[in-house]
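**Student:** One letter stands for each residue in the lines below.
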Amino acid sequence: ETGVTQTPRHLVMGMTNKKSLKCEQHLGHNAMYWYKQSAKKPLELMFVYNFKEQTENNSVPSRFSPECPNSSHLFLHLHTLQPEDSALYLCASSPSGGGDYNEQFFGPGTRLTVL
Amino acid sequence: SQQGEEDPQALSIQEGENATMNCSYKTSINNLQWYRQNSGRGLVHLILIRSNEREKHSGRLRVTLDTSKKSSSLLITASRAADTASYFCAVRVVGTYKYIFGTGTRLKVLA
Chain A
1 ETGVTQTPRH LVMGMTNKKS LKCEQHLGHN AMYWYKQSAK KPLELMFVYN
51 FKEQTENNSV PSRFSPECPN SSHLFLHLHT LQPEDSALYL CASSPSGGGD
101 YNEQFFGPGT RLTVL
Chain B
1001 SQQGEEDPQA LSIQEGENAT MNCSYKTSIN NLQWYRQNSG RGLVHLILIR
1051 SNEREKHSGR LRVTLDTSKK SSSLLITASR AADTASYFCA VRVVGTYKYI
1101 FGTGTRLKVL A
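These protein sequences, in sequence, are chains A and B.
Just so you know, we're using our numbering here: the first sequence kicks off at 1 and counts up by one.
Just so you know, we're using our numbering here: the second sequence kicks off at 1001 and counts up by one.
Keep in mind that the hints were calculated from the coordinates and are not lab data.
Some clues are possibly wrong.
Heads up, simulated DSSO-like pairs for lysine-lysine below, C-alpha to C-alpha not over 27 Å straight-line [what the hints assert, rightly or not]:
hint: 1; chain 1: B; residue 1: 1069; chain 2: A; residue 2: 52
hint: 2; chain 1: B; residue 1: 1108; chain 2: A; residue 2: 40
hint: 3; chain 1: B; residue 1: 1069; chain 2: B; residue 2: 1098
hint: 4; chain 1: A; residue 1: 40; chain 2: B; residue 2: 1070
hint: 5; chain 1: B; residue 1: 1070; chain 2: B; residue 2: 1098
hint: 6; chain 1: A; residue 1: 22; chain 2: B; residue 2: 1026
hint: 7; chain 1: B; residue 1: 1026; chain 2: A; residue 2: 18
hint: 8; chain 1: A; residue 1: 22; chain 2: B; residue 2: 1070
hint: 9; chain 1: A; residue 1: 19; chain 2: B; residue 2: 1026
hint: 10; chain 1: A; residue 1: 52; chain 2: B; residue 2: 1098
hint: 11; chain 1: A; residue 1: 41; chain 2: B; residue 2: 1069
hint: 12; chain 1: A; residue 1: 40; chain 2: B; residue 2: 1098
hint: 13; chain 1: A; residue 1: 36; chain 2: B; residue 2: 1098
hint: 14; chain 1: A; residue 1: 41; chain 2: B; residue 2: 1098
hint: 15; chain 1: B; residue 1: 1069; chain 2: A; residue 2: 22
hint: 16; chain 1: B; residue 1: 1108; chain 2: A; residue 2: 22
hint: 17; chain 1: A; residue 1: 36; chain 2: B; residue 2: 1070
hint: 18; chain 1: A; residue 1: 41; chain 2: B; residue 2: 1070
hint: 19; chain 1: A; residue 1: 18; chain 2: A; residue 2: 41
Remember, it's a predicted structure, so these values are computed and weren't measured experimentally.
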């Protein structure tokens, strides 16, 4: 256990559905991240929040909508997804977004399948 | 593309042998980190080296960093079957909150 939990662990949704992924960290960190991991591709950073403010949006399509209500919780709202969005979505946290000693702690991921 | 690249893509060794994997990147960095991932699960942080450091050790791990060549290597000594996993390098891009991950090396340690 890394102190970062993600729910659900598995999600199957149709292209017209709306669903949300949830991430919670119990580490007292101030930065949180969403990553996408597709088969045979490097881990792709999607969003970064530092002290609840979005500091990075890596040109992510608007069908992915993040929300960070506080430093412990991060959501990824999904709507009208495409089959190519099927992937493992990983959440991570770190003490802060800046600084030189910021290792990231990852959750177990949500395996998303879009039909 | 700013993505890092790692080589080899896959490595198979016998238990007790050393494993070396390399990472190259293209951007200016604050630090470089190595992570391990078991079978499509979350990543586990192994070691971080700052841009002004050249070498770092942690248990059986040794990391080197050459910022002039924009490359790093991870050495795992006396490997064990439990070291079987994918290993990724990640760089924190200077002046940003962005991390760029490499393509990963799949290590298999045979008992």
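**Student:** Work down the list of hints and note, for each, if the structure agrees.
**Tutor:** Do the hints match the structure? See the list:
Taking the CA atoms of residue 1069 of chain B and residue 52 of chain A, the gap is about 36 Å. The hint is violated against a cut of 27 Å. With a C-alpha separation of about 17 Å, the suggested pair residue 1108 of chain B and residue 40 of chain A falls inside the 27 Å cut-off, and the hint holds. With a CA separation close to 21 Å, the supplied pair residue 1069 of chain B and residue 1098 of chain B stays within the 27 Å bound. Restraint check: the Cα-Cα separation between residue 40 of chain A and residue 1070 of chain B comes to about 23 Å, which is no more than 27 Å; the hinted pair holds.
About 17 Å separates the Cα atoms of residue 1070 of chain B and residue 1098 of chain B, which keeps this hinted pair within 27 Å; it holds. Taking the CA atoms of residue 22 of chain A and residue 1026 of chain B, the gap is about 33 Å. The hint is violated against a cut of 27 Å. As the CA atoms of residue 1026 of chain B and residue 18 of chain A are separated by approximately 37 Å, the hinted pair breaks the 27 Å bound. For the hint linking residue 22 of chain A to residue 1070 of chain B, the alpha-carbon distance of about 36 Å lies beyond 27 Å, and the restraint is violated.
Between residue 19 of chain A and residue 1026 of chain B the CA atoms are separated by roughly 36 Å; this puts the pair beyond 27 Å, and the hint is violated. At roughly 16 Å between alpha-carbon atoms, residue 52 of chain A and residue 1098 of chain B fall within 27 Å of each other, so this suggested pair holds. For the suggested pair residue 41 of chain A and residue 1069 of chain B, the alpha carbons sit about 24 Å apart, so the restraint of at most 27 Å is met. Note on residue 40 of chain A and residue 1098 of chain B: the hinted pairing holds, with a Cα-Cα distance of about 21 Å set against a maximum of 27 Å.
The suggested pairing of residue 36 of chain A with residue 1098 of chain B holds, with an alpha-carbon distance near 14 Å, which does not exceed 27 Å. For the proposed pair residue 41 of chain A and residue 1098 of chain B, the alpha carbon gap of about 18 Å is at most 27 Å, so the pair holds. For a cut-off of 27 Å, the pair hint linking residue 1069 of chain B to residue 22 of chain A is broken: about 40 Å separates their Cα positions. This hinted pair does not check out: residue 1108 of chain B and residue 22 of chain A have alpha carbons roughly 33 Å apart, beyond 27 Å.
Note on residue 36 of chain A and residue 1070 of chain B: the hinted pairing holds, with a Cα-Cα distance of about 25 Å set against a maximum of 27 Å. Between residue 41 of chain A and residue 1070 of chain B the alpha-carbon distance is near 21 Å, which keeps this suggested pair within the 27 Å criterion. In summary, the hint linking residue 18 of chain A to residue 41 of chain A is supported, as the alpha carbons are separated by about 26 Å, within the 27 Å threshold.
Hint compliance for this structure: hints 1, 6, 7, 8, 9, 15, 16 are not met, and every other hint is.
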